[in-house]
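Engineer: Residue strings, one per chain:
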Amino acid sequence: MADDQVTPEMIKKAEKEKWNSIYKVCCTGAREFKDRNCVFGGVGISFLTVAIAKMVHAPNMILVAEAGYVGFAGVAAMGSPADNPGGYMAMCHQGLFDMFRDQQGGFMDQACLGLAQIDKFGNVNVSYVNPLIRINGSGGGGDISSSAKSVIYVGEYNPRQFREKLDYTTNPGFLDGSPNARQKAGLVGGGPSAFVTDRGVFRFDPETHEIYLADVFPWQDEKDIDEIVKATPWKLKVAKDLKIIDPPSEDEENAVALMDPLSFYRITQYVDRPSSKYTLMGRHDLIAFNYNAIMLEESIRYNSKIMI
Amino acid sequence: MAEEVDYKHKLYKLMFEQEAVATFVKDGTSFTVGGFLINRESDCVFREIARQGQKDLKFIEESASPGVDMLIGTGQLVQFDTAYIMHRQVGGIVSMPNLERCLQEGNPRPIDLGGVMTTPNYKGNEKPLEVIDWTNFQVSLRYVAASMKIPFMPNRSSFGTDIPKYNKQIKLINDPYTDQPIHLIPSYDLDVAFITVQKADRRGNGQVWGYEGCDAWKARAAKHVVLFAEKIVSTEEIYRHPSNTIIPAYCTDAVVYLPFSSLPFPVYGCHGSDGFTLMNMLLSSQTRDGWKMWMDEWVYGCKDNNDFCGKIGWEVLERSVKSAHVLNTIPD
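Protein sequences appear in the order of chains X and H. Residue numbers for the first sequence follow our numbering, so the first one is 171 and each next one is one higher. Residue numbers for the second sequence follow our numbering, so the first one is 93 and each next one is one higher.
Read the hints as simulated data drawn from the structure, not as lab findings. What you were told as hints is all true, and nothing was included just to trick you.
Computed spacing ranges between beta-carbons, pair by pair:
1) V245/X <-> I242/H: 36 to 44 Å
2) N300/X <-> I242/H: 34 to 42 Å
3) G241/X <-> Q272/H: 31 to 39 Å
4) K204/X <-> Q272/H: 27 to 35 Å
5) R411/H <-> V245/X: 14 to 22 Å
6) K335/X <-> P212/H: 15 to 23 Å
7) K400/X <-> R380/H: 39 to 47 Å
8) E407/H <-> E420/X: 39 to 47 Å
9) N217/H <-> K204/X: 56 to 64 Å
10) T421/H <-> R206/X: 25 to 33 Å
Since the model is a prediction, treat every value here as computed from it, not as a measurement. No residue lacks a Cβ here, since even glycine has one placed at the ideal position from N, Cα and C.
The whole structure should be built from the sequences, with the hints applied where relevant.
Structural biologist: The structure is reproduced here in structure tokens:
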């Protein structure tokens, strides 16, 4: 019968729905980090990303958290850069000032951060969203992006993240995109190098410093890419030789589950509402929050059942 | 006026929690707490200040604890220097609902987010709460400058961003040596630092395990330093791990023996976080009435931090201690 036939479209669709966006973002982002590098991990899924890299393919990577933990094992997801798991099997415990002294001194090779808005030249906003929303603020992101050799941003794709003009510039990227704009302004380091999302990886042109779509997932067809280009306020460039990303491997999948046993990061996936949507929608009422809490509790119950 | 007491030169500096807060926090005091974001923060201070009711306070912290939100809610805070608040960070978590209400409704006072945003259509007479943006490193440089009694520290974290555009305290100059642009970060006039440490002796040597944050700089920048010790030990025990003494006795004004002073947040090697209390606080705080009820029960309804712990339940805390010891322990 015709209904039983497996068409290539069906395989594509099944593959697309096999992994939720946190898996796609973290497992793809993790491949950007190299072994033996010293890597600055941020908060939330940016920490999850570097921890997966360390667990799967870069065991000699030195993980660094801004509150003062250096070279820790990364055995569990951390709620903040100072959380207790960071102290477990660490090479060095130091302070925040020491951390940024080393960072500005150029000892950190790569960094992983999240974002709320990004513009054509990789400048990032994590402080204010118009008309009247205050979000978390710079933290160490401003310091890191102004002097790290390379910064990798991770996050779920949302067309509202791409802005012609940012509401507020928190992290410097390539500023106005002109040659040597960073050096002229007094910044050091190489600026952002990639923005990894669940709908492809965006990179920066080495000449013009403009963001372009470089890598896509195997299930993304021309229609999907067209949608991304159309949703961007400027004419987004797409690489002529688009690379195809390998979908998350079994090892990477297991690493996510190990690092995030209570589904703190993946929780928003179960309610089909990515966390970035909450941020950008400005939904902050009791109902939204309660809904999240109930889902969190359910996922904890579910996970404890399958673990025991 | 009463004669100034030289707290720093006392031999033994033990005090009670209420006594320490009442002695060092007056109207208009600027203060900070130790730790970073949601770890080893002395959150008992916010609850104690809310009970005592000092006014016009100034608070500075590089990544601020959600606990400071209750002082915004009571209207006691008028100036807030910070780099990061855990606000709308992961999912729908709004950990500063009172700051949100200040911005949206001007309740209890309007807010001025460094000139970027202000409370619209505010009709009352309250002075606005001033929130000033920095980066983490810049705030730590403010402590460094204050601790060395120099007026500023140079920094290059904010070129090309909007932080110096709105924060007028950051000055741009040309370096007299190389003629390159550089930002100057001013020192901060810090009155009191409350710091949670894992071990302290009665003379005021504070020992910290795990990350240090900016605690060593805060202790030197502040005019008065109060240590909240998870454990009071003899000075002989301090001699065993001298490299962990990040706050020597000459910095300290008072030592308070107060286990679980950072609840609901964890302390390295001592106890884990109390997610239930934190969730309860955040969920209740989403509405003004809910927040008032939470305050009545958990802050005004408690005499001191031990009362607060008792309300959470000592059995719960005992489990929390055991869970922290799975990961990290502190040597004797």
